[in-house]
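S.K.: Chains as they are written, first to last, in the numbering used here: chain C, 1 to 286; chain P, 1 to 395.
By construction, these hints were calculated from the structure, which means they are not laboratory data.
None of these values were measured; they are calculated from a predicted model.
We put the CB at the ideal spot given by N, CA and C, even for glycine.
Treat each hint with caution, since some may be false.
Unchecked claim - Label-pair restraints from in silico Cβ distances:
| no. | chain 1 | residue 1 | chain 2 | residue 2 | range |
| --- | --- | --- | --- | --- | --- |
| 1 | P | Glu71 | C | Ala30 | 38 to 44 Å |
| 2 | C | Ala13 | P | Arg59 | 31 to 37 Å |
| 3 | P | Asp306 | C | Ala30 | 50 to 56 Å |
| 4 | C | Pro206 | P | Ala69 | 23 to 29 Å |
| 5 | P | Glu60 | C | Phe232 | 35 to 41 Å |
| 6 | C | Ala30 | P | Glu94 | 45 to 51 Å |
| 7 | C | Ala30 | P | Trp75 | 24 to 30 Å |
| 8 | P | Gly112 | C | Lys5 | 29 to 35 Å |
| 9 | P | Asp4 | C | Ala13 | 41 to 47 Å |
| 10 | P | Glu213 | C | Ala30 | 34 to 40 Å |
| 11 | P | Glu71 | C | Pro206 | 37 to 43 Å |
| 12 | P | Arg300 | C | Ala13 | 58 to 64 Å |
| 13 | P | Ala124 | C | Ala30 | 37 to 43 Å |
What the hints assert, rightly or not - SDA-like, lysine to any residue: derived pairs with alpha carbons at most 25 Å apart:
| no. | chain 1 | residue 1 | chain 2 | residue 2 |
| --- | --- | --- | --- | --- |
| 14 | P | Lys76 | C | Ile21 |
| 15 | P | Lys76 | C | His32 |
| 16 | P | Lys19 | C | Pro195 |
| 17 | P | Lys19 | C | Arg90 |
| 18 | C | Lys79 | C | Arg257 |
| 19 | C | Lys113 | C | Lys79 |
| 20 | C | Lys17 | P | Ala73 |
| 21 | C | Lys17 | P | Pro114 |
Each chain, written out:
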Amino acid sequence: MSGTKTLILGAVAYDPKVVTIWDGFQRHFALHHLPFDYVLYSNYESQVEAHFRGHLHVAWNSPLAWIQSQRIAAALGRKAEAVAMRDSDRDLTSVILVRADSGIHEVADLRGKRIAVGAQDSPQATLIPLGRLASLGIEPNTDCEVLPFDLVPGKHGDHIGGERVAVRALLRGDAEAACILDANHLLFSQEGTLPSGATRILDRTPPYDHCNFTVLDGAPQALVAEFQRLLFAMSYADPLLRPLLDLEGLKQWLPGRTSGYAQLEAAVTRLGAIDAFVEQVAAQCG
Amino acid sequence: MRVDLGDLGFDEGGHLLVKRALRAAAPGEAVEVTGGAPEMALHLEVWCRAEGHRCARGREGVLIVSPGAAEAARWKGAEPAGHADPRRPGAVAERAPLRWGLAARGATVEAGSPEFDFRLTGKAEVWADTAAALYAQAAAAQWNPATAIPWDAAFDLPAEVEDAVVQIMTYLVENETAALIVPSRFLAQLHPHFREVMQLLAVQAADEARHVEVFTRRALLKRDRLGLSTAGGQASLKTLVDEPEFAIAAFLLSVLGEGSFLVLLWFLERHAPDPVTEAVARLAAQDEARHVAFGLAHLRRRLEEDPGFRSRLSLAVRQRHEALRHTAGLNREVFDALLVVAAGGWDPGQLRLGHRRVMGLLADMDAARRNHLRRLGFADEEAAELSGLHTRNFM
């Protein structure tokens with residue numbers, strides 16, 4: 001693919017706005033003479049597999065898709081690189097909530113309790129917080145019961161519906177704790193899903209990073225470099241770009257960094273959540 | 001800069017205090033935030049991430065917010081859409097940009113706002129300096145059809161006179177419907193930057209809606225059906241509805257049409273055979289006078305800026321006359337109905353008087369039109385000629 005003339009990006013259609021976003025960026029790249037097109041996938045696993053099959057050059061990956069890509073690349077002796085991310089992808093945290101009147105005051109109190117989580121493949125609402133609990137001595141499905149709300153599988157938690165339902169399960173008493181992204185804690189508080197004073201935060205994870213644009217070795221370097229240059233040059237002051245940046249939830253594109261994925265790495269290693277998928281794609285694409 | 005949220009939750013409006021402090025801080029100055037709400041720190045950090053600010057933890061629970069560039073960037077390139085007070089110099093743009101869209105005149109408009117497809121964007125095309133005052137008058141003079149008219153007044157007219165009133169009301173409803181549709185159509189095409197004109201057109205349409213209501217109600221007071229609508233009358237009104245240019249429509253409808261109509265309503269008020277007809281004619285006339293005043297004010301301004309436009313107005317009257325040359329104009333039934341109402345009875349002497357009065361009405365209408373045309377700068381001779389070419393349907 002190194003002789004290619006058009007940079008192909010893969011993105012997951014977790015919401016109809018994804019089309020608006022990438023149509024808009026495609027227009028912007030065309031104005032700046034970067035031949036660019038995009039392909040949408042219904043789930044991250046298809047996108048990761050397509051990436052290794054050479055169907056696309058840059059994958060707009062969830063953190064879990066990044067780990068999947070990294071591990072498949074390692075298995076194949078290839079190299080995955082994170083070339084850019086949003087400013088809002090850095091230093092996220094997740095929180096473990098309990099009801100305010102609950103007798104649970106420390107993580108150890110969750111032993112034997114039922115914990116509501118988001119989608120099974122959600123880094124922020126399932127994998128990272130469960131990994132956190134495991135590291136603190138509460139092994140999921142052994143020391144506590146996990147109640148997943150897998151509303152939209154394959155989207156790696158990009159759809160927040162699962163977290164909203166998990167919180168409702170906590171409030172209803174169907175679970176004793178719930179795991180959600182910090183930003184959704186603020187959102188749910190503002191919109192009233194979390195009534196003021198009804199819950200408290202039992203624990204909060206250390207910061208971690210979220211999505212990144214992933215490229216594999218062999219990607220067309222000049223096109224990728226131009227893609228990065230145009231991303232980093234995007235200004236929130238540009239009235240044509242601002243609506244797209246707002247839709248994508250960022251103020252500024254930043255260089256990719258990979259130092260913020262250690263918690264997710266440890267969680268998927270501990271939970272074995274992606275081993276089968278990694279082996280399967282590595283076998284098929286090797 | 002320091003701000004203490006007390007025990008106010010960030011989700012309860014605490015973010016407003018932080019935003020306020022960031023606005024008050026010097027450019028680039030960090031704001032120290034303290035607060036006792038349980039999740040304040042979490043929410044502040046999340047909010048900063050979303051807003052592009054940096055948030056760091058200081059000593060003793062203080063959070064230090066360093067402002068990002070996004071807020072200032074959002075308003076870069078924003079522009080003021082004139083000024084709310086139209087009397088200020090430059091308050092009303094000569095050409096309102098489509099990108100100002102629905103923004104209130106005087107608001108600051110973010111760059112990149114969508115362009116709206118407003119067709120009437122030029123001040124010269126639509127403006128009158130008296131629009132605000134006329135709107136205020138109109139808003140203050142709105143009357144309630146349910147209470148302003150003595151619907152329950154006892155009267156009993158001879159059958160033919162009642163029929164004549166019904167025919168006149170039928171004609172009035174048809175004409176007022178045209179007078180409602182024409183400004184409404186332009187209202188939807190007008191750039192909202194010309195707020196006072198927009199408001200005036202809206203209240204004008206509301207006036208006509210009320211007129212349609214009361215004329216219909218008077219017609220049905222003693223009868224269960226309305227009178228006749230003629231092809232010629234509708235052909236005349238259709239030329240008004242089809243007119244695409246605001247100023248020409250204002251001239252043909254408001255100045256010549258409603259100017260004539262005003263005289264007709266005064267005539268009906270004077271010769272009304274019953275108190276309900278008298279009241280509906282009187283109240284409608286009050287409103288129509290404002291419509292005429294706006295049309296005249298707009299055209300006088302337009303002609304001051306572009307005296308050559310006068311020939312366009314003249315041409316419009318001639319073209320309309322040509323278009324209607326082969327139509328009947330005013331329907332015979334309306335003419336006869338006016339005569340019957342003005343006569344007040346069937347005695348030959350009364351009918352002769354009625355006929356004389358209707359002839360007087362036509363002369364008064366002609367005089368009113370000529371007067372309006374002279375106020376627009378037409379010479380006496382041309383004013384007389386153009387008035388003579390005005391539609392026989394009055395409106």
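S.K.: Now, for every hint given, state plainly whether the structure supports it.
M.R.: Taking the hints in turn, this is what the structure says about them:
Range check, P:Glu71 to C:Ala30: about 30 Å between beta-carbon atoms, so the 38 to 44 Å window is missed. Checking the proposed 31 to 37 Å range against C:Ala13 and P:Arg59 shows it is violated: the Cβ atoms sit about 46 Å from each other. Look at P:Asp306 against C:Ala30: about 44 Å separates their beta carbons, and that is not inside 50 to 56 Å. The beta-carbon spacing between C:Pro206 and P:Ala69, approximately 28 Å, falls within the hinted interval of 23 to 29 Å.
Between P:Glu60 and C:Phe232 the beta carbons are some 37 Å apart, a value that agrees with the proposed interval 35 to 41 Å. Between C:Ala30 and P:Glu94 the Cβ separation comes to about 36 Å, which falls outside the hinted range of 45 to 51 Å. The beta-carbon spacing between C:Ala30 and P:Trp75, approximately 28 Å, falls within the hinted interval of 24 to 30 Å. Judged by the Cβ atoms, the range 29 to 35 Å given for P:Gly112 and C:Lys5 holds: they are separated by roughly 31 Å.
Look at P:Asp4 against C:Ala13: about 45 Å separates their beta carbons, and that is inside 41 to 47 Å. Take P:Glu213 and C:Ala30: their Cβ atoms lie about 56 Å apart, and the range 34 to 40 Å is violated. In this structure, P:Glu71 and C:Pro206 break the distance hint of 37 to 43 Å, their C-beta atoms being roughly 29 Å apart. Roughly 60 Å separates the CB atoms of P:Arg300 and C:Ala13, a value that falls within the hinted 58 to 64 Å.
For P:Ala124 paired with C:Ala30, a C-beta distance near 39 Å keeps the hint of 37 to 43 Å intact. With a CA separation close to 22 Å, the supplied pair P:Lys76 and C:Ile21 stays within the 25 Å bound. For the suggested pair P:Lys76 and C:His32, the alpha carbons sit about 22 Å apart, so the restraint of at most 25 Å is met. For the proposed pair P:Lys19 and C:Pro195, the alpha carbon gap of about 24 Å is at most 25 Å, so the pair holds.
Taking the CA atoms of P:Lys19 and C:Arg90, the gap is near 22 Å; set against the 25 Å cutoff, the hint holds. Distance restraint check for C:Lys79 and C:Arg257: the Cα-Cα separation of roughly 15 Å lies within the 25 Å cut-off, and the hinted pair is therefore satisfied. This hinted pair does not check out: C:Lys113 and C:Lys79 have alpha carbons roughly 41 Å apart, beyond 25 Å. Simply put, C:Lys17 and P:Ala73 have alpha-carbon atoms about 23 Å apart, close enough for the 25 Å limit, and the pair holds.
Taken as a hint, the C:Lys17 and P:Pro114 pair is honoured in the structure, with Cα atoms around 18 Å apart against an allowance of 25 Å.
The structure fails hints 1, 2, 3, 6, 10, 11 and 19 (numbered hints given earlier, in ascending order).
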